[in-house]
Amino acid sequence: MIVELLSVPAIILILGALILPLIPERLRSTAFVTFPVIALAMIWTMPEGNLLQAPFASYELELLAVDGLSRIFGIIFALITVIGGIYAFHIKDLGQQSSALAYAGGALGVTFAGDFFTLFIFWEIMAAASSYLIWARETEESAKAGMRYLLVHIFGGGLLFTGILLHLANGGSLYIDSIEPAYTAANIFMLLGVALNTAVPPLHAWLADAYPKATITGAVFMCALTTKSAVYVMIRLFPGWDILIWVGVVMAIYGTIYALLANDIREILAYSIISQIGYMVTAIGIGSELALNGATAHAFNHIIYKSLLFMVAGAVIHAAGTSKLSELGGLAKKMPLILGLYMVGALSISGMPLLNGFVSKTMISGALGDAHLEWPILLLLIATIGTFLHTGLKLPYFTWFNEKKKDFELSDIPTNMKVAMGIGAAFCILLGVAPQLLYSQLPFPTDFQPFSVYNFVEMTQILVLAFAGFWFLKNHMNVSNTISLDTDWFYRRPAAIVRTIFVDFPNNLFGLAETVTLSLANKLSAISKNPARVLIPSFAMSGREVKSDGFTASMSAALSFILFAFIVAALVVLL
Amino acid sequence: MKNWHWTVLGILLIASLILEFTYLADYASHWWNHVPAFYALWGGLGCATLIFVTKGLGKFFILSDEDYYDR
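Going line by line, the protein sequences match chains A and B.
Letter 480 of the first sequence, counting from 1, is numbered 487 in this note's numbering, and no numbers are missing.
Letter 32 of the second sequence, counting from 1, is numbered 33 in this note's numbering, and no numbers are missing.
These are calculated hints, taken from the structure and not from any lab test.
Here the structure is a predicted model, which is why all the values come from computation and not from measurement.
Please note that the accuracy of each hint is not assured.
Below, simulated DSSO-like cross-link-like pairs (lysine-lysine); rule was C-alpha separation at most 27 Å, straight line [stated by the list, open to error]:
| id | chain 1 | residue 1 | chain 2 | residue 2 |
| --- | --- | --- | --- | --- |
| 1 | A | LYS412 | B | LYS56 |
| 2 | A | LYS341 | A | LYS425 |
| 3 | A | LYS411 | B | LYS56 |
| 4 | B | LYS56 | A | LYS481 |
| 5 | B | LYS56 | A | LYS413 |
| 6 | B | LYS3 | A | LYS340 |
| 7 | B | LYS56 | A | LYS340 |
| 8 | B | LYS3 | A | LYS341 |
| 9 | A | LYS530 | A | LYS412 |
| 10 | A | LYS412 | B | LYS60 |
| 11 | A | LYS331 | B | LYS56 |
| 12 | B | LYS56 | A | LYS341 |
| 13 | B | LYS60 | A | LYS481 |
| 14 | A | LYS412 | B | LYS3 |
Model the full structure from these sequences, guided by the hints.
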């Protein structure tokens, strides 16, 4: 059994996380990359089917359920862990390396889980391991954000687990299968639990709160794994739930608006994740084969270009030491390579033809067209315009082109970071010009053709006019020293009052009780030194000294006699 | 922005319009395909709307000082 467990890719990564501390420091980064490479090779070569069962109580758990959908998600999760490992090759922080591996193992475990228990266990491993990637930044801000992140995810895990238990109690199967659209308590809890990790507003605030505060390398793993594994679970469980069509549209617009307002470069990218996942959620809501293929393909592409963007943002922070647009500017001549790599990712996410975002976005709009959902198409186009505005124009313009506000002493960017970004950019271009490489791996066979005249005309007109609009209106965009209030307001703002009521008040009450008890005890002990002074004041006051710690001679004689009698009696009884 | 940048963008736009009026002249899968240069209009209007709506929302309640949660 133990040996068989090694055929599970998730176990390989988690085992890697445990072995890593035993490996000498200079080999650790190489080992970090090796484990996901092994996992990737395993996923690539595994046959389809339920490959490994494990008995648990009266249940038979499915640890390795492989089909077209889980395989493509497994491939991208392992691949991005390799790229992230290269990006973090220079890092000598064991905690970060181990938790990143365990985190990726959690994502792979969720992907290949065939039953709800296995899914839930790996779901929680992901939440716990990823929290450390925020704390490892070691600032006061990230310590607090990491704790909020962990608490929100524990809450989300609780929602999911409640749903699973209700589902089982109602006679539902332990094994994962798509759920018919019915709003029972079990389904609603499960949907909410998954929606929290998918960052559906209003349950999304953890994402934009935590990602900008994570470590430079940690954020690369985070932007790829948590939300997309939840998208995978949503494709599995809730395909064709109509409500998701509009939920996705709202997400896409909501994320765009906040990304347009943000000042921190990684916050822009974080809100843009929410917006992009909106496309996937909409496609899941349609539920047709083309739509689910589109959601899968978009998740795949999104992981590549979004991690590329996070890597570049990390490189800017590494070099310049700040992530705020209000401080950056005028860096284009100093980091042309980084700028070029960024633009590949930014134009991909904006849906520029011949880059990878285009080949999956057109698939989703094709599925929307087939389903005659015309307003969602138009509204998602607005989100596309917004994406081009914030990720494609605002962020690069105010980081690299606008007049400089400060003189930066740029630190060198390690070669391994550049290599990782280069690999990401190469995949963006490769899948953009040869989409069949991706389409052939999708869960349903497809003959979809993205390169139509119509799609070229559509994207060209949209992007050119959006660019012109940005150029003339760019001074209306926010790049001031501000933060955006979001739904995390509801648990951050009342924190002071909650602290007063539930922490400070009981603390003070117990403190007061302690003081009172101690002073009472002090007084009592003072009295017991000489009780006669209180009990018979006339006796004590008459001037005679009372010896409380000694006996009079006659009393001593009486006591000695009693003791002597006792010893004699004892001797008589015993002998 | 140099002049040649604008020229390239102008050429791209004109090329897309020519394609629209020749290749896609009787293409009608959505109601808006009857509106000439619809995507250019949607792009321009959408961009302006987004910028001003977010600016308004930001002023109205979203944007706040950086020490908002520490106060």
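Hint check results:
{"no.": "1", "hint": "A/LYS412 with B/LYS56", "result": "holds, 23 Å"}
{"no.": "2", "hint": "A/LYS341 with A/LYS425", "result": "holds, 15 Å"}
{"no.": "3", "hint": "A/LYS411 with B/LYS56", "result": "holds, 24 Å"}
{"no.": "4", "hint": "B/LYS56 with A/LYS481", "result": "holds, 11 Å"}
{"no.": "5", "hint": "B/LYS56 with A/LYS413", "result": "holds, 26 Å"}
{"no.": "6", "hint": "B/LYS3 with A/LYS340", "result": "holds, 17 Å"}
{"no.": "7", "hint": "B/LYS56 with A/LYS340", "result": "violated, 31 Å"}
{"no.": "8", "hint": "B/LYS3 with A/LYS341", "result": "holds, 20 Å"}
{"no.": "9", "hint": "A/LYS530 with A/LYS412", "result": "violated, 68 Å"}
{"no.": "10", "hint": "A/LYS412 with B/LYS60", "result": "holds, 24 Å"}
{"no.": "11", "hint": "A/LYS331 with B/LYS56", "result": "holds, 18 Å"}
{"no.": "12", "hint": "B/LYS56 with A/LYS341", "result": "violated, 31 Å"}
{"no.": "13", "hint": "B/LYS60 with A/LYS481", "result": "holds, 16 Å"}
{"no.": "14", "hint": "A/LYS412 with B/LYS3", "result": "holds, 23 Å"}
In this structure, the hints that do not hold are numbers 7, 9 and 12, in rising order.
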